[in-house]
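Enquirer: Okay, here's what each chain looks like letter by letter:
4 protein chains.
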Amino acid sequence: MNQTIGKKVWAIPEGYIPDWSNGPSPQMLSHETVCILNTSKQEARVEIMIYFSDREPVGPYKLTIPAERTRHIRFNNLENPEPIPRDTDYASVIQSNVAIVVQHSRLDSRQAENALLTTIAYAQ
Amino acid sequence: MNQTIGKKVWAIPEGYIPDWSNGPSPQMLSHETVCILNTSKQEARVEIMIYFSDREPVGPYKLTIPAERTRHIRFNNLENPEPIPRDTDYASVIQSNVAIVVQHSRLDSRQAENALLTTIAYAQ
Amino acid sequence: MNQTIGKKVWAIPEGYIPDWSNGPSPQMLSHETVCILNTSKQEARVEIMIYFSDREPVGPYKLTIPAERTRHIRFNNLENPEPIPRDTDYASVIQSNVAIVVQHSRLDSRQAENALLTTIAYAQ
Amino acid sequence: MNQTIGKKVWAIPEGYIPDWSNGPSPQMLSHETVCILNTSKQEARVEIMIYFSDREPVGPYKLTIPAERTRHIRFNNLENPEPIPRDTDYASVIQSNVAIVVQHSRLDSRQAENALLTTIAYAQ
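Chains as they are written, first to last, in the numbering used here: chain A, 1 to 124; chain B, 1 to 124; chain C, 1 to 124; chain D, 1 to 124.
These are calculated hints, taken from the structure and not from any lab test.
Any given hint might turn out to be false.
Repeated chains share a single entry, so a pair holds when one copy, or any two copies, can fit it.
[Stated by the list, open to error] Quick list of in silico lysine-lysine cross-link-like pairs, DSS-like style, CA-CA up to 27 Å: (1) Lys8 - Lys62; (2) Lys41 - Lys62; (3) Lys41 - Lys7; (4) Lys41 - Lys8.
Bound-form chain A, shown alone (with noise of 0.2 Å):
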């Protein structure tokens, strides 16, 4: 496949890490993730803004998704420059240097039985 699909600007204004959960870990740990797949022949280089209803907008959190594949990214796991609050209202702005198709989703474990949420980002 030559073709490259997906936009180079994302939205998602729903964010929200739970801040606990059930079952083992790091499957069942509640997660919030953005899904990234880069089609493209060339690394996709990602810069990530997070969103908060009281404060300035943090980042960019920068990431790269090599050439033909996919990274599913936990903002759990974002760190630099700084590691997203849990139970706190957020969102993210995704951009990229090439074109990517995001999509949203979360596990909830903090009872004994997960929910599961998903959605296409907003493209641009």
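Please arrange chains B, C and D on chain A, whose structure you already have, making use of the hints.
Expert: Then chains B, C and D, alone, in the frame of chain A:
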């Protein structure tokens, strides 16, 4: 980021606030949420209209989202002009004076374990 | 609001009505729902076609949505020309004479705890 | 309906097949599904490519969807050129010779109660 992302008119056909909950409040109170991201440099003035199956629309519910902020608004908490009835089908239209991004989500805790859903709203 | 929002043709590839339930009816009866919002000033005349994996499409199922109203229609309740079989894969196409917005959701209560899914349908 | 609905290129960045299940098979076997609707009057020849985080893409997996039919295909069941590994992040690109509509869903039955997610895929 100087770029403004999104559109000014959004719709969510699915609305329903469960009328009971399990688990600690406020995290596990059953809730229906509209998550709004305003990446612009100016305050967003947002108006929400609520549509029903059997009576005239109600609204506008007026909100503001500061520049470069997100707000995750629970329909449960909308009070003016009137609270949204529980256990009742509704839909919503969200309009803003600047471009925003809108995502819909629900936590249903009527049973012992949570259920979650989400989707990016319909943009026009 | 004088603005009409949406499109006239929508599709939902995922359709499946679970064939059993737990919990009080009708709230927790397993159901598959199409939520339609008509923001226009005129009645929407809607036709739904149901597609299967191994036989000819069935329909149209005819519905009306009054001006400035929403209807959350359970596929379980569609009867004419014929009920939709349970535990069977199907898909649906929704067409309207005026612009509408369509969202798909499911409550699956086959086990003790509910599971939920939703997505804005595909618009054309 | 003579109208063909959809696009020819679709992407799903989020892919993950849980590696265990609870409940009766096949309904409650954990599964990841791509639901494809072909409203056209001709057979759709579909090719799926699978992308990983740490190795070359695999595929194409070749499928056909008859005219005016839907198929809900479990990634679990794709065998040729090779099965998709469990408990592994992947993404998929779906290409067709005619316009189709694609939706992604998952049933996760690793714990006693089911969790569900769905989204319309990204179309281009």
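Enquirer: If you check each hint against the structure, which ones fail?
Expert: none
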